[in-house]
Amino acid sequence: MTIRLILTNPAGNIRELVIDRSLTVGREGTDLVLEDQSVSRSHLRLEPVEAMGDRPSGVRVTDLGSSNGTFVADTRIEGPVVLVDGESLVAGQTRIEIRVDPDPAARRVRPTPVAPAMEEIEADDIVVSFVPGSAGSKVAKSVLDTARRARRNLAGLGSEPWHTRVTINLVDPFPDPENPESIITGGSVVDPDNSVVWMAVSAESAPEDPHRPLAVLFGSVLPAAAEVGHILEGYGLHLAGTPEPAPEEVAGLGGSLDSLDPTRRGPFLASFVAFLISREGEDALRQLLAAPQGGLNEAWNRIYGRSEAAMEHMWWGERGEEKPELGTLDFLKMSWRYVRPYRLRQAEVFAYMLLSLGFTVTYPFVTRSLFDTAIPSGEMSRVLQLLGILGIAFAISLAASVRQTYQGSWISGSVVRDLRRDIFGRLQRVPDAWVYRHPQGDVLTRLLSDVGQVESGLSTALSDGVFQVVSLIVSTIIMLKVSFVLGLIVLAGAPVVAIIYTRMSDGARRRSLAVQEEYSGVVTVASENYQANRVVKLFRLAGREEKRFDRASGRLFDSQLRLSLFGGLFGVAVEGTMTLLRLAILGIGTWLIFEGNFTLGGLVAFLGIMGEVLSPVTGLTSLGQSIQASVGSLIRLEEVLQAEPEPEGADLPALAPLSSDIRLENVSLSYTPEQRALDGVDVTIPAGSRVAFVGPSGSGKSTTLNILMRLYEPDEGRLLFDGVDVRERSLASLRSQMGVVFQDSFLFDATVRENIAMGEEGVTEDQIRAAATAAEVDEFIDNLSHGFDTLVGEGGRNLSGGQRQRVAIARALVADPPILLLDEATSALDPRTERQITSTLERAGAGRTVVAITHRLTSIADYDIIFVIDDGRVVEHGSHDLLVENRGVYARLWAEQTGAPLPEAEAVDLADVLSDLPPFVNLDGEDLAEVAAMFDQIRLEPGATEVEGGRLAVVLSGMAEVVAAGSDHGSLPMRELGRGAVFGLNALLGQNQGNMLRARSEVTLAVLDADRLEDLRTRFESVEAGLSGRSTLMGAPRGTVVSRLTIGPQTRSTHGGPGAPAG
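Just so it is clear: in the sequence shown, position 421 is 437 by this note's numbering, and no numbers are missing.
Derived from the structure by calculation, the hints contain no laboratory data.
Keep in mind it's a predicted model, so treat the numbers as computed, not measured.
A few of these clues could be false.
[To be verified] Label-pair distances were calculated between CB atoms; the ranges are: (1) Ala-600 / Glu-298: 39 to 45 Å; (2) Phe-573 / Ala-262: 32 to 38 Å; (3) Arg-851 / Ser-801: 25 to 31 Å.
Glycine residues also receive a C-beta, built at the ideal position from the N, C-alpha and C atoms.
Using the sequences and the accompanying hints, generate a full structural model.
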């Protein structure tokens, strides 16, 4: 039995402890001290009470004469009272709840030490126990030292401030408490109730770092401990210095971090916690861990501005991609790559820089002559002459600086324009998977804000950077010429500035990257809110959205403040170094004058030129700080520029126009490792046919269409056009054969004519009008204010849903594509408009290969082939009638949508089927019944085959098809087989072609084997005659007999119900 006390103090903080002896409770000097000023110094006594008879276990409560009393159920107790499980008392403003666990097995089972005798070492309320001579004894001291450090790192977390005495038992491998059949050979088991950690140690397995188990133990008393347990674990691992997992390992994850296998999730949890700390700091993480029970979601949004799932997705996107390691040199290299086309202008800028340094070069020498000769001579003409030289030099420098500034701005602006164009161009070619990982606001921020930040760094580098370097070189030469000794002293300060820059550059880059990411968050919130304007209004979400935007803006403000503060410290450190140098030079120069080794004019000149040396140094450090801020943006831009584009295959041959069929050959695709979106899909779409993919939501329909459009490449299998792998042909030649109508028909903010013409480059007016007629746009075009020149508005908002869809259909048809893809093209329309659009699509699809993805089965009931996908697999295919009759997934979906009942599955009458077959046509009813009784039943799984020859088979249930001998799995069927269909008869009649029956779904066959057939031939002369081909078929056949057919690629299968002739 375990009795626990759960204490809630006036501040709402919760503690939990186990009571196994009598405790006095009070404000100070007692066994249990309460942080409550309304509690007496010695307030009450708690004693555990064992169960006896009908009396359950509990705690005896005795008030010790407290001034404010002890209350149970709002009644002040006068004498001892026993409280049982679930009851509570109030002392002052502190609530104490009693919890009794009568069955220890119901709680976490604690392992038992292997050896009876344990030695202990202790420090800072941490006890490490071990068996003398064991593997644990050799590492006990290091474990204690690490545990003490862990306790300091975890100070203030959960129960840590309660001076909880923690025991770490170093033991040999022991049974897993949750699975006693397995042995824990490494890691730890935490028992928070007794503040004990059991740590497995062996000669082959070192003990784990105590940070993780102690974080879990101290955090177990937090209000939302059960919900943040994985974060606590990750926090401990982060503090222990767990290395980051490789990007490809992160990219391969699926599902939430909390759901991962506990034996392998540790590094990912540590990485996620490091990501959280990098965003808002460690204090913010601790605030999250201390969230109240039931308030964790609100805490995520308040602290990080997003839900936990959204933060995990951000972490996955950031840590799952290889980040380019960029610095100042990389920034300058990239700058040169874009500056190279403008190198002549840059050379001109360099020339202006040299001219603008005329004043800098002239000033110290004129100043020295002024103080050492001109002024002492008393001749004003000499003074005016020197001042005139300075004025001319200044005028030349000023004119050169103006021209330099203009040319520098022209170059930097051109470079940024080129960079933005390259970014936008790459965005047109990145695959869908990349777009999925990056929200719209993030992409817009990269294209606008990040490019702007890089522009700032480039502008500074091009206009100021080169000038500062040239100025520094020239000024340094002059400074050394004025005084070599003092010049060396000034140059000695350069390494100090370099050290400051090196130490602080990483911090500037990190903070700059954080600012850009938070800016991206603000843009994302604003963009999403604008798109959801109606939802916000109708669901009264304005207040929520304002708070959300305010939080995002607040985080951006904090990030900018951190960057500005860091930049200020950077500047103060450099400026402080410069000031110390000036003071040193002033003192040393004065001493040299006193010693007769220097002149006053020389000192004045040196101080002037020294300013010209230190000014570029300060400028270059500021420039470096600006570049480091730009590097954060450059990293984000490089992620776009280095994104792998779609495999366009521009150097590959063009794909020939479709003539035979489209084949998905054993195609599989996974978005996450845990679940495949498509699994072994093997289908053939005949050219010129109308084919639909249907199935429940999330079954893989849209993924199939994405494969057809090559928006995604399959992990396994191939997409074949007329037997040619499309990866061996150019992407443009594939897509040029396709016209696509999406569910959400996006129209550009242009005219109707321009939107239609976007379906193909260089289309004529006649082609536009022909496409509009085919899409029946002409039915409403005359009602628009400017006909084909009417602006449709952003996203086509000036048109109705049906009008937008018709314009989208016209856009798909304007190039007269042989393949028409329909992605839920009518699902967003009302029933009347849906019927009209369906009729339009039916006419527009004439003579084309039509592939439709839909969940509205009424719109595709007359299609040639319907493929039913469920859980990523094709589970059925065939005509509508055959699929309904099969009573499978399609039939259930049809019944749900139309309200029609599933057709009754009537048993196949074998005797009735046999009576129409030549060998059995002359048998009477009793003989037919006897023959029917000789059939055995077998089951075929989907995809299983039955080869023709030797026996007769009748389909009792399910769907099957006949394929020619030697055909592969995805080949076109020669005939579909439903209930009552016969297979193998022609082979028995001597016309064996080796064809195969292939099950589309689970199929039950009635089979008459060769031995029984031979017995029937012996017994019945008419059977012998029929099998020998001497029988005459009497009457019209009612069964579906299939064994030998000739079929061309242009022929479409004819689907009949039970009893329809096979031909």
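*asked:* Please list, smallest to largest, the hint numbers that this structure does not respect.
replied: Those not satisfied: there are none.
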